[in-house]
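2 protein chains.
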Amino acid sequence: MSLELRLDNLFLPEHGIDRAHFDELARDRFPSVHEEIRRQRIEGRLGFYELPDGGDLVDSILQFAEGAGQAFENVVVLGIGGSALGAISLRSALLGPWWNEMSSEEREFYPKLYILDNIDPDTIGPFLRRLDLNSTLFNVVSKSGGTAETAAQFLIVRSMLEAELGDGYRRHLVFTTDSEHGVLRSIAREEGIAALPVPENVGGRFSVLSAVGLLPAALVGIDIAQLLAGARSMRERCDAQMLDGNPAALLASALYLADANLGARIHVMMPYSDRLRDVAFWFRQLWAESLGKGSGEGEPAVGPTPVAALGATDQHSQLQLYAQGPFDKLIVFLTVQQSEEDLEIPAAPGDHDALAYLPGHTLGELLRTEAEATQEALAHGHRPSLAIDFPKMGAHELGEFFMLCQIATVYAGALYGVNPLDQPGVELSKRLVREKLSGP
Amino acid sequence: MSLELRLDNLFLPEHGIDRAHFDELARDRFPSVHEEIRRQRIEGRLGFYELPDGGDLVDSILQFAEGAGQAFENVVVLGIGGSALGAISLRSALLGPWWNEMSSEEREFYPKLYILDNIDPDTIGPFLRRLDLNSTLFNVVSKSGGTAETAAQFLIVRSMLEAELGDGYRRHLVFTTDSEHGVLRSIAREEGIAALPVPENVGGRFSVLSAVGLLPAALVGIDIAQLLAGARSMRERCDAQMLDGNPAALLASALYLADANLGARIHVMMPYSDRLRDVAFWFRQLWAESLGKGSGEGEPAVGPTPVAALGATDQHSQLQLYAQGPFDKLIVFLTVQQSEEDLEIPAAPGDHDALAYLPGHTLGELLRTEAEATQEALAHGHRPSLAIDFPKMGAHELGEFFMLCQIATVYAGALYGVNPLDQPGVELSKRLVREKLSGP
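From first to last, the protein sequence lines stand for chains A and B. Here the numbering used here is used: the first residue of the first sequence is 29, the next is one more, and so on. Here the numbering used here is used: the first residue of the second sequence is 29, the next is one more, and so on.
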């Protein structure tokens, strides 16, 4: 059983995608896009493709995690953006929302996992004050090694560790950074701190299946072998040269055509699953930072705006807009067909007709029924959507999903005519911060 | 000290708002909008305006909370959409992110606060299994009383409570619902369960300053008197008939003109404060559900798409798109000028020029500098934004902000020509759910 894409609500009259345009893209454009991506992959520019093959790195991660996972009560990731979103997704999707509130026994003695992906002192101050440094491992994640926010966090943590633990502080740190360059790599060498590599040809937002995501996952007992196996199986499906059989090509083409032909420039990812909420935020970075940019000298700026929503919750927040607002959105529904557990809804006290349709059903049924009903209601108003069904929520399925979205992103880059691997637009803000803090 | 709106980056050449259009709106349209809203308020259609006056209800909330707040270790809100987002915002903004992980002593013996705003059995199952029902108060919140998700949660919880506590289960429930109508009100009467009212003229998304938000807040020791005082002071500022002196009018007009004149239909709210992240999600409901709708028979659908972002984190996720993508966004930056605490960034080990600009500064300075730098960088690319500065993060300031956004929403409804109080677009999906579950 693997992830399934459903296009039944995509080709609608009036505001849906025109099947003829889709077929035209499949016939005339996709073959060259597929070939271009294959070429870039062979040239070694798309390192994320090869990460699921694992190899030595995975063995060393597992080895490190086995020792450290048992030695520490807390794992704290210091990272931001692509250095944090993968670990956050893995935690939410596979450990659930209550992990850090569970007892050691309930966690089967795996550590708690915290990810600090901002620099708000009102978050970090109380957190560090309450933390037992003796039983905590800090994983500092920055490919370049120079990310301002992560560096600031690291300097604070390093100083606290050294003050409390003396020379032994090194054993409470592990870096994930470029294998050769950058400040973190230098400090690792100088201070004798453990460090795992980020491959040179893997950018932050494509790094979830590198040590960036795998180390935190392994430390809390997530089955990273299954995660990688899932990614490999999706990669194989996406080797298909025919668009119709290639899930990543279908996803990229649907979203691209919604934008290019319908003006639906807002791409909503709406899981009906709490566990996938943070995964939608992972996608939001991948999609926005890869595709939102000028397409070249003098050409217009392009880029869809990804929005993360959550079903059923956002039916009581965003659905009114999705159902009756402008025709500027394509919604990607994510559903999980089989929850880990379920709860039956009992009868109401007394005799209340208004609630009579609920008892006897389960919460899981209600959730899935709401997802179906919302897709149907939108289609009824000629509002297109597509759906990705997870047979269940596990490491294999999540690995499939990560790879699906990453391949879809490089296809979409080719369709939009932009380089999905760079992010030149964030440099000015970084330079201004350095200038302001360096003083006159 | 109160909230301050800054418009310095709004009137920019090329892609900014044209000062002449703004002045024209202030002169020609705003007086009638202001008058129309004043009329609706006098007619009693906009009940949220009067909530800050508190009165008897606030006394009874405080009384109830004083007893219950001490008797229970956990407060669990069952609600969705407008019945949850206010309480979530209040918790995040005023208690911080670690409240539920703190010990009783650290919480000064106030209860933990959980808000279950979805029906995912993989969230609710493990939560209820771990919960000590004996020390838990459930606040069931639904104005209509018939919200499917909340009703389903309630039936499950009620049945568990009765099984474990027998007749005493009633003391573990308090409803917040319509004062006369609906299933919850009937059950409250029949079963003798405590129930607080939601005024008839206050809709879910405008209810944060009613018992919907105030009861959970009071139960965990939030200063609701200050919250209401802040709301009153903002309401007074928004009585101003001149647009220039009326913060809600400035906010509504800037966002409306961005959409109407520039095609910037995506309205990003981007706090540089972890505590305000959920507040941006509260705004997201208010703005989307109030403004996203057909403006009348045969007229085109309108409605901006609100997006919640978080600084500095999303500089590493969304900024690339905001800085170089299409000119379809207006960003509202929220900053907090004085954090509760701060952390100084110490020197790096060894001699690393790349990090030399950080030591000696604090995390708070870095965060505020990044907010400034990002606004400047966007303005440099002719991308407009506006800013709302919180002098600090407290109940008074949050009350001001809630009222600011609520008044801005009804102004915006008038500018867009839609009824900001209804949500007809969600009905079809609800009906389909009932039909599917009722069976043939």
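Hint data in this document are derived by calculation from the structure and do not stem from the laboratory. Among the hints, a few may not be true.
Given that identical chains are not distinguished, each listed pair holds provided it fits within a single copy or across any two copies.
Here are the simulated lysine to aspartate or glutamate pairs, EDC-like style, with alpha carbons at most 16 Å apart [said to hold, decoys possible]:
{"hint": "1", "residue 1": "Lys458", "residue 2": "Glu372"}
{"hint": "2", "residue 1": "Lys458", "residue 2": "Glu393"}
{"hint": "3", "residue 1": "Lys458", "residue 2": "Asp81"}
{"hint": "4", "residue 1": "Lys458", "residue 2": "Glu228"}
{"hint": "5", "residue 1": "Lys458", "residue 2": "Asp356"}
{"hint": "6", "residue 1": "Lys420", "residue 2": "Glu393"}
{"hint": "7", "residue 1": "Lys420", "residue 2": "Asp356"}
{"hint": "8", "residue 1": "Lys420", "residue 2": "Glu190"}
These numbers come from a predicted model, not from an experiment.
Each hint tested on the structure:
In this assembly of identical chains, Lys458 and Glu372 lie within 16 Å of each other by CA distance neither inside one copy nor across copies; the values are 52 Å within and 20 Å between. For a Cα distance limit of 16 Å, the shortest separation of Lys458 from Glu393 across copies, 14 Å, qualifies, whereas the shortest one inside one copy, 48 Å, does not. In this assembly of identical chains, the alpha carbons of Lys458 and Asp81 never lie at most 16 Å apart, being 35 Å within a copy and 46 Å across copies at closest. Neither within a single protomer nor between protomers do Lys458 and Glu228 lie at most 16 Å apart by alpha-carbon distance, with minima of 22 Å and 50 Å respectively.
Taking the closest pair of Cα atoms, Lys458 and Asp356 never come within 16 Å of each other, the shortest separation being 32 Å inside a single copy and 23 Å across copies. Proximity of Lys420 and Glu393 under a CA criterion of 16 Å is satisfied intra-copy only: 14 Å inside one chain copy versus 45 Å between copies. Proximity of Lys420 and Asp356 under a CA criterion of 16 Å is satisfied in neither setting, with 31 Å inside one chain copy and 37 Å between copies. With identical chains, the CA atoms of Lys420 and Glu190 are never at most 16 Å apart, being 44 Å at best within one copy and 33 Å at best between copies.
The structure fails hints 1, 3, 4, 5, 7 and 8 (numbered hints given earlier, in ascending order).
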